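Student: Sequences and hints are given; from them, build the entire structure.
As given, the protein sequences belong to chains A and B, one line each in that order.
Okay, so the first sequence: first residue is 1 according to my numbering, each after it adds one.
Okay, so the second sequence: first residue is 1001 according to my numbering, each after it adds one.
FYI, nobody ran anything at the bench for these hints, they're computed from the structure.
What you are looking at is a predicted structure, and each value in this text was computed from that prediction instead of being measured.
All C-beta atoms in this analysis are idealised placements derived from N, C-alpha and C, irrespective of residue type, glycine included.
Fair warning: there could be bad hints in the mix.
In silico contact screen, one side only, chain B against chain A (beta carbon under 10 Å); selected entries [said to hold, decoys possible]:
#: 1; residue: Val1008
#: 2; residue: Leu1012
#: 3; residue: Ile1020
#: 4; residue: Val1022
#: 5; residue: Phe1023
#: 6; residue: Thr1061
#: 7; residue: Gly1064
#: 8; residue: Gly1071
#: 9; residue: Leu1074
#: 10; residue: Pro1113
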Amino acid sequence: MRTLIFATAIRMLTPVFLAFSIYILFRGHNHPGGGFIGGLIGSIAFVFHILGLGTRQTAKSYFSITFYKYDRKPHHGTIRHALRLLRKNLDRRKQKEKPKSIWNYYLLRLRPTYLMAVGLLVAVASGMVGLVLGKPFMTAYWVEGKIPVIGSLGTPLMFDAGVYLLVLGMVLKMVFTISKD
Amino acid sequence: MPANQLLVIPLLLPLLGAIISVFLWNSIRWQAVVVAVVQLAFISVSVIMLQQVLQAGILTTQVGNWPAPFGISLVTDVFSSLLLLTTSIAGLGVFMFSHTALDQSRKHFGYYPLFLLLQMGVSGVCLTGDIFNLYVWFEVLLICCFALIALGSRKSQLEGALKYLTINFVASGLLLSGIGVVYSLYGALNLAELARIVRSDHPNLDLLLVPGIFFLTGFGIKAAIFPLFFWLPASYHAPPISISAFVAGIISKIGMYTMLRLYTLIFSIELEAAQPLLLLLSGLTMAIGVVGAAAQVDFRKILSFHVISQIGYMLMGLAIYTPLAVAGSIFFIIHNMLVKTNLFLVSGVVAHRHHSFSLLKLGGVYLRHPTLSFLFLISALSLAGLPPLSGFWGKLMLAKGGFEAGHYLLVGTSLCVSLVTLFSMTKIWNEVFWKPRPRQLKQQPVVTGKSYIMYLSIIYLLVFILLLGVSAEPVIQMAKLSADQLFNSEIYIDAVLNPERAN
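Tutor: Now the structure itself:
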C-alpha cells in the first residue's frame, strides 16, 4: 500500500477526516450521526494514515509533542527566554540556529486504553449530572441558546463525546496491536 | 436513599472501579485496593437495597427520565436484591482468593477491570426491567467471561474459551431473534408492559409460544440445561480457579434467574403447554449432570458437572410452579452460589499446594492440611444437602412443593440425585483427602506459603454457608416473599407502569 500518491493524499486528507468526524459527532443529536459513527470515522483517518505512512510516522505526527530547547542568552530574563522559546517553537522551519536538544514526548505511551477509559468516564459523568441534581440517572440537561454549526450543548452531547473517545480508543488499540505484528 | 440513586449504584460502582483500575494499569497494588473498596461498598449497597425493598416493596427508576413503557426501567424486587447481595458476598470471597492465588501476569493484563465489569453485568441482568437491555447485559457478561477465560492464553484456555464463545454466540442469536419476535408481535420491550399485554386480550396472544421457545433454547444454553449443557464442563475447568470460581459459581445461575423472571412474568400464560417439557428437562439435567460427574477424575471437572446437576434443581422449582417450589428454587440459587464458589476455591487451594487437580495425582491432603479438609467437608456436605446445612433446606422446600403438586417421579429423581451427589463428594474426599499420597509423588515438594488470605476467603464464605444452614428461617421467609412477588405479577406491573398508584 505504500505508494507515494496514497501517502501524499492521505497526509492532506487525515485532518479533513478528523474535522468531518467531529462534525458528525456534533450533528448526531437530531440528525443521522453521533458518537459511535463519529468515532469510527475519526479512527478511519488514523487507520489510513498508518496504512500509508506506517505506525511510527502516525505516532510522530499525531500522538507526540516535540519541543525545541535552546540555551538561555545571558542578557535574557526568564520571561523573555520563555517568549523566545515559544517563538522559536511556533515556526520551526525557519530556524538557522540549531536547537540544543529536541525533546520528543510520545503520547502513545499513554496507550489508547486510557483513551477508552477517559471516554467511559466522560459518558458516566454525563449521566451523573442528572443523578446529582436529584433526577434519574442520565436525565438530559441542555444549556440555553444555540451555537451556529454545533447546535445546542448538553449532557447528551457529552455522552456522545464519551462514546466518540471510547470508539476511537478501541479501534486505535486494535490497529496498533495488529500493525505491531 | 432515594430509589433513583440506589438502583444505579450497583451498576456505577463496578464501572467506576473498572475505569479507575484502567487508569492504574501499571500498579497492581492500587488496582487491588480499588477492587477491595468497590466490593465492600457493593455489599453495603446491596444490604441497604434489600432492606429498602423489604420495607417499601418494589423499587423502580426510569433511566433518562423517560416514562416507563418507552424508556429504560431499572427494577428491583426481593428476588433480585437477594441475588445481588449473594453475588456481592461471593464476589468479595473470590477477590480475596485471587489477590493471593492469581499469578502476576494475568493481573497485569487486566484481571481486575474485567472482574469488575463482570460484576457490573451481573447487576445489570438482575436490575433491568427491559427485555432488550437484558440481552445487552448478557452480552456484557459474555464478553467479560470470554476475556477472562482466555486471559493468559494457554492452549487449554483458548480451547475452552472458543467453545464457550461459539455456543454462547448461538444462544445470543436465539435470544435476539426471540426479542425481535416479541417486539413484532406485541410492540413492546418493557417487561412490565409485556406482562400487561400478555394478560390482556391482545390478538397475537396465540403466538406467545414462538418467542417462548426461542427464550427457552437461548437461556437453556446459557444456563446449561440438559441437551445443551456440553459446553460448560468443556470450558469451565480451563481458566485458573480465581476466574472459574466466579464464572461457575455466579454466572451460570444468572441464566436461571432470568428464566425464573421471564417465565413467571410473561410466559406463565403458556406454562401449561411447556410444563411437561420443563419437568422432563429438569429431571434429565439433574441426572445427566451427576452421572457425568461420577465419570470424571478431575477435581474441577467433577465440580463443573455438579453445576449442571444443580441447575436441574433450580429448574425443578420453575417446572413444578407452585409458590413453595419457586421459593425453594430461589433459596437453592442463593445456597448454590455460595457453596459452589467455595468448593472451587477449596480445589484451588489444594491445587496451589499440591500442583494438581487430578484425583489420581492427589492424596493425603488430610494429613498435611486438616483445617482445609474440614472446610471442604462442610461445603461438600452442604452441597449434597445433609441437614442442618444449607443445601438441605432448599431441597426440602423443592421436595415438599413437588409432593404437594403431585410430581412424585421428579421428586424421587431429585432425591436419588442427591444421594449420587453425596457419593460423588465422598469420592473427592476419599481420593484427595483420605487416601495415602501416591508413592511416586512423595518426593514432590508441597508448597507451604503463608497464604492466610486464601484460607480466609474460604472461611469467610463458609461462615455465610453455615449461617444459611443454621438460621435458615429469615432467608426462607425472604425467598417465600420473593416467590409471592413473582406470582403476583400485578405488583410488578403496577410498580413500573403506575408508580403513583403503587405508592
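Student: Work down the list of hints and note, for each, if the structure agrees.
Tutor: Do the hints match the structure? See the list:
1. Val1008: Because about 4 Å separates B:Val1008 from the closest Cβ in chain A, which is inside the 10 Å limit, the hint holds.
2. Leu1012: holds (7 Å)
3. Ile1020: holds (8 Å)
4. Val1022: Constraint on B:Val1022 satisfied, holds at 4 Å.
5. Phe1023: holds (6 Å)
6. Thr1061: holds (5 Å)
7. Gly1064: holds (5 Å)
8. Gly1071: holds (9 Å)
9. Leu1074: holds (8 Å)
10. Pro1113: holds (9 Å)
When each numbered hint is compared with the structure, no violation occurs for any of them.
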